[in-house]
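Colleague: Single-letter residue listing:
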Amino acid sequence: MKFGFLIDHRKCIGCHACSVACKEEHQVPLGVYRTWVKYVEKGAFPNTRRHFTVLRCNHCEDAPCVTICPVSALYKRSDGIVDFNSNTCIGCKACMQACPYDALYIDPNSNTAAKCNFCAHRVEVGLQPSCQIVCPTQAIVSGDLDDPTSLISYLTAREPIRVRKPEKGTKPQLSYIDADESSLTPGATIQPQEFGMWSQITNPHITDLSMPLFPGTMTVPSGPDLLQDLSAEAGRTVYNVGHAVPWGQKVSLYIWTKSLAAGAFLVSTLGVGAGLVPDSPLLTWGALLLALLFLGITSALLILDLKRPERFYTILLRPQWRSWLTIGAYILVVYGALLGLSFLAALFGATSFRHFLLWPGGLGAILASIYTGFLFGQAKGRDLWLSPALPVHLLVQALVAGAALLAIFSVVIPSNLATTVLLHNIVLWGLLANVFIMLVGELWMPHGTQDAAQAARLILRGVYSRLFWGMVIGVGHVLPVLLLLLIPGAPIGVTFLAGLCALAGLLVFEHIWLIAGQTVPLS
Amino acid sequence: MPPFTPSSHAAGVLTNYPPVERWDDWTEYDPATWPRKVARKYMLVPTICFNCEAACGLLAYVDKQDLSIRKFEGNPEHPGSRGRNCAKGPATINQVNDPERILYPLKRSGPRGSGQWERTTWDEVLDTFSSRIRQALVENRRTEVMYHVGRPGHDGYMDRVLQSWGVDGHNSHTNVCSSSARLGYALWQGADRPSPDHSNARFILLISAHLETGHYFNPHAQRIIEAKAAGSKIAVIDTRLSNTASMADYWLSTWPGSEAALLLAMANVILQEERYNREFLRCWVNWAETLRVLRPDAENTFDNFLEALKAHYATYTPAYAERETGVAAALIVQVAREIAAAGTAFAAHVWRSAASGNEGGWQVARCLEFLSVLTGSVGTRGGTSPNTWDKFVAAPFKRPAPQNVWNELLYPQEYPLSFHEMSFLLPHFLKSGRGRVDTYFTRVYNPVWTNPDGATWIEVLKDDKLIGLHAALTPVWSETAWFADYVLPMGTAAERHDLMSQETQAGSWIGFRQPVLRVVREKLGQPVRFTYEANPGEVWEEDEFWIELSWRIDPDGSLGVRQHFESPYRPGEKLTIDEYYQWIFENSVPGLPEAAAAQGLTPLAYMRKYGAFAVKRDVYNLHDTPVDPAHLAGAEIDPATHLVRQQGQVIGVEIDGKVVTGFATPSRKLELFSQTLHDWHWPEHALPGYIKSHVHRDHIDHAKGEYVLLPTFRLPTLIHTRAGNSKWLYEISHTNPLWLHPRDAERLGVDLGSLLKVHTETGYFVIRVWITEAIRPGVVACSHHLGRWRLDKDIGGDRWSTALADLQEVGPGQWRLRQVHGIEPFHSVDPDSDRVWWKDAGVHQNLTFPVHPDPVSGMHCWHQKVRIERAGPEDRYGDVFVDTNKSFQVYEQWLQKTRPAPGPDGLRRPLWFARAVRPSNEVYRITSTPAS
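These protein sequences, in sequence, are chains A and B. When we follow our numbering, the leftmost residue of the first sequence carries the number 1467, and every step to the right adds one. When we follow our numbering, the leftmost residue of the second sequence carries the number 445, and every step to the right adds one.
Some hints could be false.
[As the list claims (entries may be wrong)] Here are some of the chain A residues that sit facing chain B, going by a computed Cβ distance under 8 Å:
hint : residue
1    : His1482
2    : Asp1528
3    : Lys1542
4    : Cys1601
[What the hints assert, rightly or not] For lysine-lysine, the following BS3-like pairs were computed, each having C-alpha atoms within a straight-line distance of at most 25 Å:
hint : chain 1 : residue 1 : chain 2 : residue 2
5    : B       : Lys1018   : B       : Lys842
6    : B       : Lys842    : A       : Lys1542
7    : A       : Lys1468   : B       : Lys481
These aren't lab readings, by the way, just hints derived from the structure by calculation. It should be emphasised that the depicted structure is a prediction, and the values quoted were computed from it without experimental measurement. Just so you know, even glycine gets a beta-carbon here, dropped at the ideal spot from N, CA and C.
Kindly generate the complete structure, drawing on both the sequences and the hints.
Modeller: As structure tokens, this is what we get:
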């Protein structure tokens, strides 16, 4: 048995009965929807038309939300329904990034993820979903796609159908008859800004939108296209519901602190472990303590970003091994344990054991820095993040971050000239590599999808461009590179300043990159 | 789409509703705890929706554990709505659980409109009002008691109450709604509404938006789309691109007020191309009378009539229509040919829209019906029937005699042909000394906000010399209730009894609204004497209120009132609500007692169980019903008119030697030529014609910033001012920006979101602009539900939907409304009230409209000629200013256009015209003593 939906837009009159009936059945709070109707207008008077599209969970055969969920709170039932369990959800919001369709939201009552679940509780007693029974024109059809005699099988076989974003490989089990391209593909229309034809645009208070570090940059920006520029050629989205930006400042900070935690230790592996520089308090105590400190902060940020932080430990207790959130959590635990061991070894003067630990620890640091690339790779909704360069980029960032951090602390923690030169070199070459990967590999390189291109455009030329070119490139890269290149001899002030600039640039970049990736509408 | 033949498969086949036999005991899993399976036991009780007037079925799920209503779904047993609803159906649960609703009767404790209220008892309310009404009856002031209804929600209950009191006091909202369409249809066929058989139509022409709004939105939308799926085509005439126009095969965007020209051009195409239904015209149109007017000198033959008709409409060429309407001539011809091709399966509908917007809008309805007549699609399968064929009003026991009094505040002599009461002129009549209202009930009626010239309503409602005592009967606060003396909370869709029927299809049904918690309690063996015992707080149902009030008006029966409120089963004792409906179901609904008996149920139990009953199916061609031969003995056939009379009464018409009942007109035929219009001083409009609207494009000078404003369009999710108590509906739509075409935006130099100042004849409002290709250039539009306000921080309006406003009379008759703040989150038992994220409540435009009563139909002609400019630095969003001195002048100007009664025989109104709560025939004559 395989339940699926078919929405017949030859019949849908855009009445919103489905949206309200769903709210009633599931007591869906204000600000969020499990199903909604988008309106798109096309054409110039009098050849104008308004297209309606019912949007919701596609009950994908290969559901990315299920894959990314670290605790199996989202799961595929044997009858094909993608259901969820709010009792186990930890509120990590990864599913909202994985879903390319904006199907999920955080329920403000339970602080857990929710979405259309095909009214599984009704299916259990033999009833059709609420949206279907209310529909005045019977435009919503549910049924068993495995049963060749069902209406839904008949319609999917006999009528030309299409699905949303088939290129995502999710195999949606919701298909449309006569849905217009402009309403299925969000990038195909001009999006509404503050208000649409009869409503303001939702701005739900469930996300981590404020970033005190960069006031004013955190609201979802208006894109380059505004409805003011109404041109008859472009479709205009005139009604839609707003969607949360699931990850905000805590996650950008987490990427940054994790780079520091991984990089600091990795630099000591590289320097001391590979025998490039003699051991020193900076690369022993400095690297270890800083790595431990930032790993602690990283874990705290991860937990704090959960909408149900008190359930954080269930990631470890009921792991879902396809999720890179789970794998990452274990990597962080193992890496933390190795750091702890190294710390004990240092404390008890077991230098050779500590030197031995530099290698597994270094491997842990590499994994800790790059696993996020795999996690973001599971975020199928965010095209900008689906960059093959990401793991390498994260590793370079970690090296730069670690070296810059140690460079700053070399002001107070003793080391040696060779170490200072090494740090200088890592920061210098790391920054050059970073700017290359960032600009060439991720932003300039032609993008595989329009959404990725649009997100990159927001960074390079859009609302984030001033921060990007000023803070990330100017302060974060050009300035430290010039300092390091032009002032030879590694004076302490230069080391300190270059380190600070590099770290500031990295932090701003993580944040811009995180937010820009989530700014492009999915629906 | 080819038809799908389902086969029965057990596994994976889901059904839409639990089977009826399990409604008393139905178990479902709680979605809140899912996937943990927590079983909830429900009793399912049908009722009917109380949002729009379509009366769609609802099915309340009542949790047996705590006797709370969990949700409303559709009622699959309802023949009109068939288990399906629009967004407003499920939103009923918001209205039941609304933390802002009024739960106890309130009485003002300060001056009117001061906002000082105290809780009172129903006993005090009943005593106060009954003694006052009793005194009016005793003193024979039978025009001073008035019941003014916005949304009736019942068929005939109040008519009976008012006639039992012997007053002429029924006032309605019809003249701000549908008067013109009613007059247009009534002139043709007697019945004042169309009943299109959309399901079976091959071509559908709508001057309406029935895929998104209006009654009967949901039932009609179902059937229109059914026809579309079966290959029927749809054309929509609407200046604005409605959702309906979006779904149509043809969108004809007319210049407002030119629709009759468009329709006549189509008629002309059909006539010139000889695509009309010749036989139908010959049999069913009063062509002989028409020809006598068109060609008095010609021989009275049908062929001469056809020639005269072609000649009469020949000037309405498609090219002329294109110049008038802006719609391409080729498109007009194409649609006309599609209509002709559909023949007797051509369904058409207009109810408000162009008919209600324009002076002379009643001719729009008449011209539309002209197309139905030409195609012979009146009363056919797939055609358009008179609504009376498809609406079944069940008679209650003991009908009181008609009142012997005529209230000129309702039907003044200036408007002898109005459909119906001149409701929106009430304050103007009172102001000009035409009478007073001693006891005034407004019921789900919000004239301060909804009607034109609301500021004049405020002035009159505040004047106790004009309105002695005013009770607002409403579930929630409204702008009008704020100025009442009493606010009496009445039940929502699930908290009251009503019996309704609507012509949603070619067949008729009755729907039974029920207080579902009362029904559940009774089924569980807990006796309930009055509905308020089962309702939240002290919320009454009106039926019981009127019984109690009537009983107290005439406790000893000396006034003749009490007899109508005595039980038909227990002589001399007070009627119960069960007995009232029990009698109707046992005696007045054909087939119901038999259907009930077949299931071993009493008729009342049957209706409590199913909530609806199909009275007739597949009703067509009733005009062709032969008159019972038994009645023909001794009957006379008029040789000139072919009318068949029995003892002076017309009982039918002879057509080709057969005596049939015909239509409900004096000629028993469809009246192309209206003798009535001719006789009642409008001979120039005696045939369907084109009246240039008060907003005709000749009157609009864009260079001066002038535009036509369409202020009436509705949204699929809201219903007038009655959806403000639904958080889910308001979350979807809550603001009403002014639709403006990009070309006009450029002309005005404004961008999306800019503030515009829109000047009417009597004031202005400040609103934001929405730039769209969905409106004809030169025309602006603004949806009518939005712009709600309240004057107190916490009460006076639902906080989901109202802006806090400051209302000042800044000079005599000069009113200024300014928003203090928009919608804000608030704290209540519903956690959602803290999550209200929308701020914009829209702008109240109706305040700035003066009254425009159509001189013939009495319809308020809604469209406005406005002047638009960019807002100045002192203007704020939502500002409204209006001068009631000016609006009174506009009222007087429009009054001058009328041609007052008497008509023939000194009548106030044609005797054959319907009249709400019809009085005795004697008082139709002006020579009889007018009592106002």
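Colleague: Are the hints correct? Go through all of them and say.
Modeller: Consistency of the hints with the structure:
no.: 1; hint: His1482; in the structure: 4 Å, holds
no.: 2; hint: Asp1528; in the structure: 21 Å, violated
no.: 3; hint: Lys1542; in the structure: 13 Å, violated
no.: 4; hint: Cys1601; in the structure: 6 Å, holds
no.: 5; hint: B:Lys1018 / B:Lys842; in the structure: 14 Å, holds
no.: 6; hint: B:Lys842 / A:Lys1542; in the structure: 64 Å, violated
no.: 7; hint: A:Lys1468 / B:Lys481; in the structure: 22 Å, holds
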